[in-house]
Amino acid sequence: MLALFLRDIRLSIRAGGGALVGVIFFLAVIVTIPFGVGPDLNLLSRIGPAILWIAALLACLLGLDRLFQADREDGSLDLLVLNGDRHMLALAVLTKCLAHWTGSVLPLVVAAPLLGLFMNMEPLGIGATALTLLIGTPAITFIGAAGAAVAVALPRGGLLISVLVLPLTIPVLIFGVSASYGAVADPAPFLQPFLILAALTLFLAVVGPLAAALALRHGTD
Amino acid sequence: MMRLIAENLGGERGGEAVFSGIGFVIEKGEALIVTGPNGSGKSTLLRVVASLLPVARGKVLVEGGGEAFPTVASASHYLGHLNAMKTALSVEENLGFWRAFQGEPALSVEEALETVALGGLGHLPFGYLSTGQRRRVSIAKLLVSRRPVWLLDEPTAGLDKASEERFAALMRAHLRDGGIVVAATHLPLGLEGAKVLGMGD
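Quick note, the sequences are listed as chains A and L, same order.
Heads up, the final residue of the first sequence is numbered 221 in this note's numbering, and it's a clean run with no missing numbers.
Heads up, the final residue of the second sequence is numbered 1201 in this note's numbering, and it's a clean run with no missing numbers.
There may be inaccurate statements among the hints.
[Said to hold, decoys possible] With beta-carbon atoms standing in for the labels, derived distance ranges:
(1) L6(A) / P1188(L): 37 to 45 Å
(2) A28(A) / K1161(L): 53 to 61 Å
(3) T32(A) / R1166(L): 54 to 62 Å
(4) L160(A) / H1186(L): 35 to 43 Å
Because the hints were derived from the structure by calculation, they are not lab data.
No experiment lies behind these values; they were computed from the predicted model shown.
Backbone N, C-alpha and C fix where the C-beta goes; we use that ideal spot for every residue, glycine too.
Turn these sequences into a full structure, and let the hints guide you.
Following this line, the structure appears as structure tokens:
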């Protein structure tokens, strides 16, 4: 499993891996928002956490279609499924998700504090948003894996995956944003939505890979 | 005593039966050559045996695989049309990954590359290799981890004469060690005394 993790990390940082595409998209969205919304600093700081979360969510979905498709095109997926009797296929999927998250989504979390400055957010709000992104984005990857597995055989399944997955990511978005607001706006709580966010991630870490493994096993042809 | 058994096996693609009523018993040390015209279901048969496609009818199983190889999937190497290698990674990285992932390590990556006469090319990205060289790396993948059953789909596609002979010697060595080979092919593989299964006649 470690070998699979390291291979996918290597692939994501080599040429054509696409690890940077998400970060660049994230950057582009966040940098454009102040131009569109206008120079109202209070408004920017108020919508800052939500904008960071929405941009991160969309950037997460961007690279998901390649999660299994690249392996399918070169035949690796057959061997991953074939070895499913030796190590559970769901575990291999979980490993691939973690590698994908580390390679393409973790850079977003690292870039988020810097981009928070564009939104005129205060340090506490920036910290809280980065923390909720760190805890919440794996959930998006896990749901996305199920979508990617369903659409693995479709040549242009990228948009389909986004449409399939987006409704399922809404709870993650809601609790991520409300926890980020809870850290700065006084009466709103931080800990409760944050814990629900963590619970969502743990829950989806089990359900997502199991669903994806099932779809992959029945999707081979 | 290891055996690969198929009983009244049927396979389908997209709901349409491709073949049915296939049965064979392969003892250890034996090879089965699957022949037949295009579209007769050779590849489908191999994928059904490897449990990459669902069994439509009948069953396929290994007997006497012991604890290490209880099912056909766990006992099998599958060499399909695709090489299952990443073009962005070096040959060594590719083989090293499969050796670690598949478990039951056999030859080291260097030894396996020497065996397919690609010694010294391990540092090259897989994408730089020619079609025949890629196929040989894929064959080296059979050697880095131990599996008693080799399921080979057109294994010699793209190989030159010398490589074909080298590969035939590898298969014979595998059979001498008590392995099982099931190969779908049009070309003679140089295996004497192999059983032949004709599809589509």
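Going down the list of hints, with the structure as the test:
no.	hint	in the structure
1	L6(A) / P1188(L): 37 to 45 Å	holds, 41 Å
2	A28(A) / K1161(L): 53 to 61 Å	holds, 55 Å
3	T32(A) / R1166(L): 54 to 62 Å	holds, 59 Å
4	L160(A) / H1186(L): 35 to 43 Å	holds, 38 Å
In summary, the structure agrees with every hint in the numbered list given earlier.
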